[in-house]
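Asks: Turn these sequences into a full structure, and let the hints steer you where they fit.
2 protein chains.
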Amino acid sequence: MSYGYGGYGGPPAPPGYGAPGGYGGGFVPAHAPPPPGADPQLWSHFIAVDQDRSGAISAVELERALVNGNWTPFDLDTVKLLMNIFDTDRSGTIGFNEFAGLWKYIKDWQNVFAHFDRDRSGTIDEQEMRNALGQFGYNLSPQLMHLLQMKFASDLRTTGRAANGISFDRFVRACVVVKQITDSFRRLDTDRDGWVQINYDQFMHTVLSLP
Amino acid sequence: MSYGYGGYGGPPAPPGYGAPGGYGGGFVPAHAPPPPGADPQLWSHFIAVDQDRSGAISAVELERALVNGNWTPFDLDTVKLLMNIFDTDRSGTIGFNEFAGLWKYIKDWQNVFAHFDRDRSGTIDEQEMRNALGQFGYNLSPQLMHLLQMKFASDLRTTGRAANGISFDRFVRACVVVKQITDSFRRLDTDRDGWVQINYDQFMHTVLSLP
Chain R
51 MSYGYGGYGG
61 PPAPPGYGAP
71 GGYGGGFVPA
81 HAPPPPGADP
91 QLWSHFIAVD
101 QDRSGAISAV
111 ELERALVNGN
121 WTPFDLDTVK
131 LLMNIFDTDR
141 SGTIGFNEFA
151 GLWKYIKDWQ
161 NVFAHFDRDR
171 SGTIDEQEMR
181 NALGQFGYNL
191 SPQLMHLLQM
201 KFASDLRTTG
211 RAANGISFDR
221 FVRACVVVKQ
231 ITDSFRRLDT
241 DRDGWVQINY
251 DQFMHTVLSL
261 P
Chain A
51 MSYGYGGYGG
61 PPAPPGYGAP
71 GGYGGGFVPA
81 HAPPPPGADP
91 QLWSHFIAVD
101 QDRSGAISAV
111 ELERALVNGN
121 WTPFDLDTVK
131 LLMNIFDTDR
141 SGTIGFNEFA
151 GLWKYIKDWQ
161 NVFAHFDRDR
171 SGTIDEQEMR
181 NALGQFGYNL
191 SPQLMHLLQM
201 KFASDLRTTG
211 RAANGISFDR
221 FVRACVVVKQ
231 ITDSFRRLDT
241 DRDGWVQINY
251 DQFMHTVLSL
261 P
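Read top to bottom, the protein sequences are chains R and A.
Last residue of the first sequence? That's 261 in the working numbering, and every number before it is there in order.
Last residue of the second sequence? That's 261 in the working numbering, and every number before it is there in order.
In short, the hints are calculated from the structure, not lab data.
Fair warning: this is a prediction, and the values are worked out from it, not measured in the lab.
Keep in mind that the hints are not guaranteed to be accurate.
Copies of the same chain look alike in the list, so a pair counts if it works inside one copy or between any two.
Subject to a maximum C-alpha distance of 27 Å in a straight line, what follows is the list of computed BS3-like cross-link-like pairs (lysine-lysine) [said to hold, decoys possible]:
| id | residue 1 | residue 2 |
| --- | --- | --- |
| 1 | LYS229 | LYS201 |
| 2 | LYS201 | LYS157 |
| 3 | LYS229 | LYS154 |
| 4 | LYS229 | LYS157 |
Replies: Listed below in structure tokens is the structure:
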């Protein structure tokens with residue numbers, strides 16, 4: 051089973067790629083050599099995603115490179131989440147140094163996903179999600195667990211009351227959403243009594259900051 | 051410019067479709083006649099979306115039938131929003147009576163979208179979004195407006211600090227999110243002082259109920 055990144059052999063090398071020159075045009079320029087000290091393996095992943103060989107990964111290139119285990123593309127909202135976390139200099143692209151963090155993040159989440167997908171179905175069902183959140187230290191009521199599962203379920207084949215499995219990219223987003231809501235709540239709950247006072251602007255800000 | 055539904059001629063009629071019989075197999079069965087009193091135009095739209103001629107529209111069929119003005123598909127979350135609203139009997143499919151409501155809903159939103167897309171770009175920019183929400187009676191601060199635009203912007207071509215345009219399907223979702231947050235807040239703000247007291251479960255419930 052494969053999770054996360056797909057197509058990692060990269061595109062087939064165009065004719066003349068890496069060759070010393072050529073004429074008649076049409077060759078894609080060879081990619082620049084890796085920066086000194088760069089992990090060669092990581093560099094090969096980076097240039098496979100950087101399809102236009104610009105030296106940086108655009109959000110569109112990132113979107114193209116990311117697939118779930120069942121080959122469905124990542125949601126736009128998950129691609130934006132990743133750009134928001136790893137485009138640290140807000141250039142609109144992911145440079146090689148930023149890519150190292152992104153690569154590790156995806157790898158770590160792949161391991162988490164594989165660990166909790168006990169039945170190897172390729173998606174996380176409600177019981178698996180409960181186990182995952184429990185291990186992360188979140189204790190949601192059965193009602194909230196069901197609501198979370200309904201919200202992030204990715205399989206349209208059956209809908210209605212049943213909650214389906216959650217694909218890799220939406221699993222990451224679900225976990226980030228639960229963490230962010232909990233963190234926001236704790237930040238507001240200064241006296242730790244389980245209740246917060248919040249105004250409309252804060253309320254809206256908290257929600258609109260979620261991925 | 052076209053918004054919303056696409057491919058509304060439906061699939062090309064298979065050989066023998068509508069013909070009196072035929073032999074050798076492979077013909078898609080002709081669709082049942084419209085229910086008595088049904089709007090013939092609406093029925094023709096319904097059977098175009100109901101591609102397997104089951105008499106009901108599945109979420110997958112709905113997803114296939116819906117495109118934005120720029121031909122991008124609707125987000126999974128918007129398809130789920132529509133199923134949640136219009137699959138009123140929670141059968142997992144949209145019957146013809148439910149479809150009438152869905153069709154009107156999309157049509158109405160298309161008109162709203164076209165009205166506020168002043169520059170006819172096919173997406174809603176931050177100023178257009180401010181106008182729309184203002185007309186709906188929502189008065190968000192400039193900071194919240196920007197956050198909303200960043201969250202729902204659908205164009206990955208430039209990201210970073212700039213907020214891009216919002217496609218039709220994400221515009222609908224953005225408006226529903228603002229309405230739901232505001233309604234939830236008002237319900238909690240019983241003394242109308244602009245502040246609410248809320249516990250962790252209520253907080254999480256409010257957020258996870260958003261589309």
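Asks: Give a verdict on every hint.
Replies: Each hint, compared with the structure:
no., hint, in the structure
1, LYS229 with LYS201, "both (16 Å within a copy, 18 Å between copies)"
2, LYS201 with LYS157, "both (24 Å within a copy, 25 Å between copies)"
3, LYS229 with LYS154, "within (19 Å within a copy, 38 Å between copies)"
4, LYS229 with LYS157, "within (19 Å within a copy, 37 Å between copies)"
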